[in-house]
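Next come the chains, spelled out residue by residue.
There are 2 protein chains.
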Amino acid sequence: MKRLFDIDPWKVKTSTFQPEDKRLQESLTSIGNGYMGMRGNFEEGYSGDTHEGTYLAGVWYPDKTRVGWWKNGYPDYFGKVINAMNIIQVGITVDGHQVDLAKDTFRDFYLESDMKTGVLTRRFVWTSEDKATEIQFVFTRFLSIVDKEMAVIQVKAEVLKGQPEISLKPGLDNQVHNEDANYEEMFWEQVSENVAPASVTVRTIKNNFGIEQFTVTGLMLNDVTGLELSGSEVANLQAFETYTGRVSEGDTVVLTKYVAMVTSRDVEPAEQEAKATALAEAAKAKGFEKMLAENVGAWEVRWQKADVKIVGDDEAQQGLRFNLYGLFSTYYGEDDRLNVGPKGFTGEKYGGATYWDTEAFIVPMYLAVADPEVTRNLLQYRHNQLDNAYVNAGKQGLAGALYPMVTFTGIECHNEWEITFMEIHRNAAITHAIYNYTKYTGDESYRVNDGLDVLVGTARFWADRVHYSKHAGKYMMHGVTGPNEYENNVNNNFHTNRMAAWSLAYTLETLKGADDSKVKELAVTEEEKEKWQAVIDNMYYPYDEELGVYVQHDTFLDKDLMPVSDLDASDLPLNQNWSWDKILRSPFIKQADVLQSIYYLRDQFTLEEKERNFDFYEPMTVHESSLSPSIHAIIAAELGREEKAVELYARTARLDLDNYNNDTEDGLHITSMSGAWLSIVEGFAGMYVTDEMLTFKPFLPKQWEAYDFKINYRGRLVDVHVDKEGVRLTIEEGESMEVKLFDEIVMISDTITKALQ
Amino acid sequence: MKRLFDIDPWKVKTSTFQPEDKRLQESLTSIGNGYMGMRGNFEEGYSGDTHEGTYLAGVWYPDKTRVGWWKNGYPDYFGKVINAMNIIQVGITVDGHQVDLAKDTFRDFYLESDMKTGVLTRRFVWTSEDKATEIQFVFTRFLSIVDKEMAVIQVKAEVLKGQPEISLKPGLDNQVHNEDANYEEMFWEQVSENVAPASVTVRTIKNNFGIEQFTVTGLMLNDVTGLELSGSEVANLQAFETYTGRVSEGDTVVLTKYVAMVTSRDVEPAEQEAKATALAEAAKAKGFEKMLAENVGAWEVRWQKADVKIVGDDEAQQGLRFNLYGLFSTYYGEDDRLNVGPKGFTGEKYGGATYWDTEAFIVPMYLAVADPEVTRNLLQYRHNQLDNAYVNAGKQGLAGALYPMVTFTGIECHNEWEITFMEIHRNAAITHAIYNYTKYTGDESYRVNDGLDVLVGTARFWADRVHYSKHAGKYMMHGVTGPNEYENNVNNNFHTNRMAAWSLAYTLETLKGADDSKVKELAVTEEEKEKWQAVIDNMYYPYDEELGVYVQHDTFLDKDLMPVSDLDASDLPLNQNWSWDKILRSPFIKQADVLQSIYYLRDQFTLEEKERNFDFYEPMTVHESSLSPSIHAIIAAELGREEKAVELYARTARLDLDNYNNDTEDGLHITSMSGAWLSIVEGFAGMYVTDEMLTFKPFLPKQWEAYDFKINYRGRLVDVHVDKEGVRLTIEEGESMEVKLFDEIVMISDTITKALQ
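As they're listed, the protein sequences go chains H and P.
In this text, residue positions in the first sequence follow the UniProt record's numbering: the first is 1, and each later residue adds one.
In this text, residue positions in the second sequence follow the UniProt record's numbering: the first is 1, and each later residue adds one.
It is possible that some hints are incorrect.
Copies of the same chain look alike in the list, so a pair counts if it fits in one copy or across any two.
Below, in silico cross-link-like pairs of lysine-lysine (DSS-like), each with a Cα-Cα straight-line distance of 30 angstroms or less [as the list claims (entries may be wrong)]: (1) Lys-275 x Lys-103; (2) Lys-470 x Lys-644; (3) Lys-275 x Lys-11; (4) Lys-11 x Lys-610; (5) Lys-131 x Lys-644; (6) Lys-470 x Lys-740; (7) Lys-156 x Lys-470; (8) Lys-702 x Lys-529; (9) Lys-13 x Lys-582; (10) Lys-582 x Lys-71; (11) Lys-309 x Lys-275; (12) Lys-290 x Lys-116; (13) Lys-529 x Lys-582; (14) Lys-518 x Lys-286.
I should point out that these hints are in silico values taken from the structure, not numbers from a laboratory.
Predicted model, so just to flag it, every value in this text is computed and none were measured.
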């Protein structure tokens, strides 16, 4: 654990600069607007250890992969989010000396990421070597969520002492590379550069996989007071302007840089320059203050719908808002071609843009904190990629649709066979999200139309992927990897078998409610339906009578079973200390596996079953996936294990802020950021939707005085407040409704209060 | 199946040149002398599709590997046999035109690889475009097995028509690359080149894995009659001489090229040039005829010990000798730092030099066809690498010694985790070879000394690799891959469990017979021995009572079992037509798995058990490993299934000559070349050593009139002749002895004959 920033309910801030943790600082001060984003790099440049990263949503490259020995059915490429044009650069020289915090003398350093407003600011007082000159620099940066193509960067320099000649050199620089490139390739090639207005147009290099080449134009307009334009230069993939002037003591110079970024995802290459010019000019005309005010206002609206307040624990408060902020900066549903990448705009580790994490961990939260359209777009994304899911299954010689583990287009682009064609439970996460969306919103329209295409496609996959074991007289699934990736190529993983059967049943049920025309279009035959029903009725589930638990997979109980508590502290985390061989053969579980089914299918297990399985598996779980603790916290809460729930919650709430896994320098764990929210809302507050009704069973963690969150539910904005006195539900917007509170049905018209139980 | 060469008992020859199969021709006409070897490339060069390959035993490079996602315990590099200096080049120009069979007109083409003498010859009559000139070229090439560093290449040009100016340009060319290089790197760097005598010295490039850089010097002396030296040139990694002259009709010019190759494996770089000069001068002094005669004589001695005659089936005869020739060209035991590479000197597919194939398939044959020292050196090789086997196990966090799947040094250098730390049955192949050597030779000295180091090291590995399942009350081994690589990461593979227990037992037994000093040196504790005994006594073996068969692994019977005969022909071979996912989940078996144990431990299974397991597994076996058919043929023969045995034999005998697997263009299947010999000797003739006695149960395949082979057994050379009359055993050298013939003990002093049963 390492904490770089101060505790503050709304801000990530610090007054100390720690060069040894520069990359971590950069990750934690990343900003994004769903269209683009960047790490917290320094505008003036930095000669020490740093990871410069700017990323454009949906702009990627299929990097040639390498596997031990390629075999039929392996993916051809490993898709990468690629490092894009650096647009924040404003080089600074004072009397010819280049300002560089890695080398220079400075004081009063302050860095702040304001989660409430989405603004990143930084300041410091710089001192020349001879101490004759002192300048206070203030940097302000934001990416507009109103004008998504616009980045605004402002640099103020106030001379406190001396009369220096100051040069500011704003630039656009696409000479960037990916640290994780497989062949140290540059993924960009030059198209053109312009002097006035300064712009750079680049294109991703050719590839052999039929993936489009992306063309991107960055264009900047600079508004400068106190300095004169002294030069412009363009180079291969770069464009710069230089503003210079002698500045008197007490005077302040200001540079405001308006950068427009357009990509061929939205704008034809031929029109990009004109479009970018128009955008930048419009932004410059609005001016810094108006652009800022609009952005702050837009963020305020988001927080009104989504904020969670924790009274009496600012650490938890900060952690929770940091997670919501990270998610909203990554994705807010404006573009159904996009999804929630594992690192968002904060780093480039992990290929691809889309994992099953979205459906399993993000959807349940977005349903409650944003408009239904946001989640609907996430579902639509999968429907758009259905054809390619059929291609993935076909590559394995299987019928139906297999959604990818990692993808941009729907085509699998991860590179481990034990994951790509084995960790197929992901298919069920996608159908379960349809179930979740429908259950929460009451909107059946997706399920019975586009959703049904997805349901039938995945059902056809499951029906072909199972095999009938004459020996056992059951349908089985061999060669799978469950959510617990610390085992792979196992047989009859309970979770995969259970969710496959559930998906088939949900599909059959959905078919009943669909229009004949739709059913006809899908041409599901009676034979198919019979096969699906046969699989549902005769699916094999490993179960141990004696223990009364579902067995993770066929031979799990033969392992040398022991709790994590028997391990030496030095063994943990296993993935850093043990060989893969030892991990695979050990009984230790990376993340919820059997318990993932129990979380997904909450109604279908008795409390006693949940208790037995939780008590059996959780002690063997190392929670080395950031996705693990929240699911366990929610089940623990349901079981009334309040302390356990809070303990597990603590592992997700500040995962990145406190760098628990010692890997946040690579970027933030975006897709697990919903974990803390889920722990509080589905766990502590026990929120759940059943029988068309919102239900709550709240408790208050001892450490807290109160917590308060808002949820959007079927046209209403509901505030849930829990404190020592009890729980208070308030409908802030929308009509009154019945809810289930501690299993009792109550009507809320305005506000109701109830003591905790 | 494709057959390029004529049927001939001793020769691989053809009178037709088939450019479309150039690579296949090159593989099939490779030559080698255990020290170096090369594919059947053309001396004058060839501008069409070709794979030029020259290889030096033990000279390799650790190529950077790439895996999907590196994890602890994965190998760092993928060791490659690297393409070395091309020493056969003799460029030819006639009146300024470069002779090139890819473009020119020629007739009377003839190519012959004489397996009896080890000589490769080629001739053709070349015609100029204007038809005014005709020249007959004759090429003779051999690698001396007497002077191992020497290659001799002779080119004769007889002018049949015209009076052309002929230039011959012998050269040394190290501007070569590996087609399988992971990063298209050149593995060689320049050291120096000399004009007279023409030589090139090169060094393998640096690597980051602490592997030595090899320095190699090639030096040539040319003896030319009828042409004058007209020039010499050296370039980066190259050296050439040119001999030119006008030649009258009827005249013949002759160039004899003596090339000495020395490497830093034997000679310090500083001394290489002097050493190479001395070697080449000595060879040149001997002259072509003497060098040739010595080489032919040495091959004759090898054949006297090892030849197998098949009367009435020249195809089988040729196939069998081709296999012996390929093996002897690759390895004849002179250097215990070397082993039998999977492609020998015939190609560069597959990394590494040493596989478990050597112990499992080569050792049993070398024991009978060569002096005991040859096999002993193969055992010594593993002892030399024992320390690194401990390193391999340590990398997995395990005790003891884990021999590598693929290696040069003993360090694992393959790149698939499912093989490297899972296909551990290889450890037992190595201990079983000690058992085989001891049983066959009666020489206990290796087993109780160096061999015991290996036995104890592997025993310590097995004892740590198993785990005790409280649930089952048995020792188990999870996460293994058996010989059947069409499944991996399985639990309780019968073969692995069985051979592990056998190895432990053999080690305990050996410890009893060893000197106290040796035992003390190994410091095997009582606790260790008790643990080993406990594992032997309580090892879990999957067995099905109903079927009466050992189960390949825990869940094999749950598969959708079906025989290969149920497949559509278009599905085969599976590895070219099915996805890896489908193959892994299918019941189809690549090569003997349960049956491999039955082959290894012939005495420990009843005939009924063998029959039940053979009848259960063989029908599901696709034999897509070249190692598969021979083991099945031997067991079929033991079961009296003569037709089945012959059918399986046919799949190994001419695997390369008839290009059965359509991959011989990449090189020959060296390590499976013993398969045909094993099928005849251990299969058809039923040769086996038990109770210190040679035993035979021969039968004669219907298609044959007779077969005859020689074996070396405890100081004797025994000829075994089987024909329609019966079997005749003759002791050609050495003392008389008792043998078991059809279960009857008989004494052979000179010759005995017996009817077949």
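Failing hints, ascending? Hint check: 1, 3, 4, 5, 6, 7, 8, 9, 11, 14 fail, others pass.
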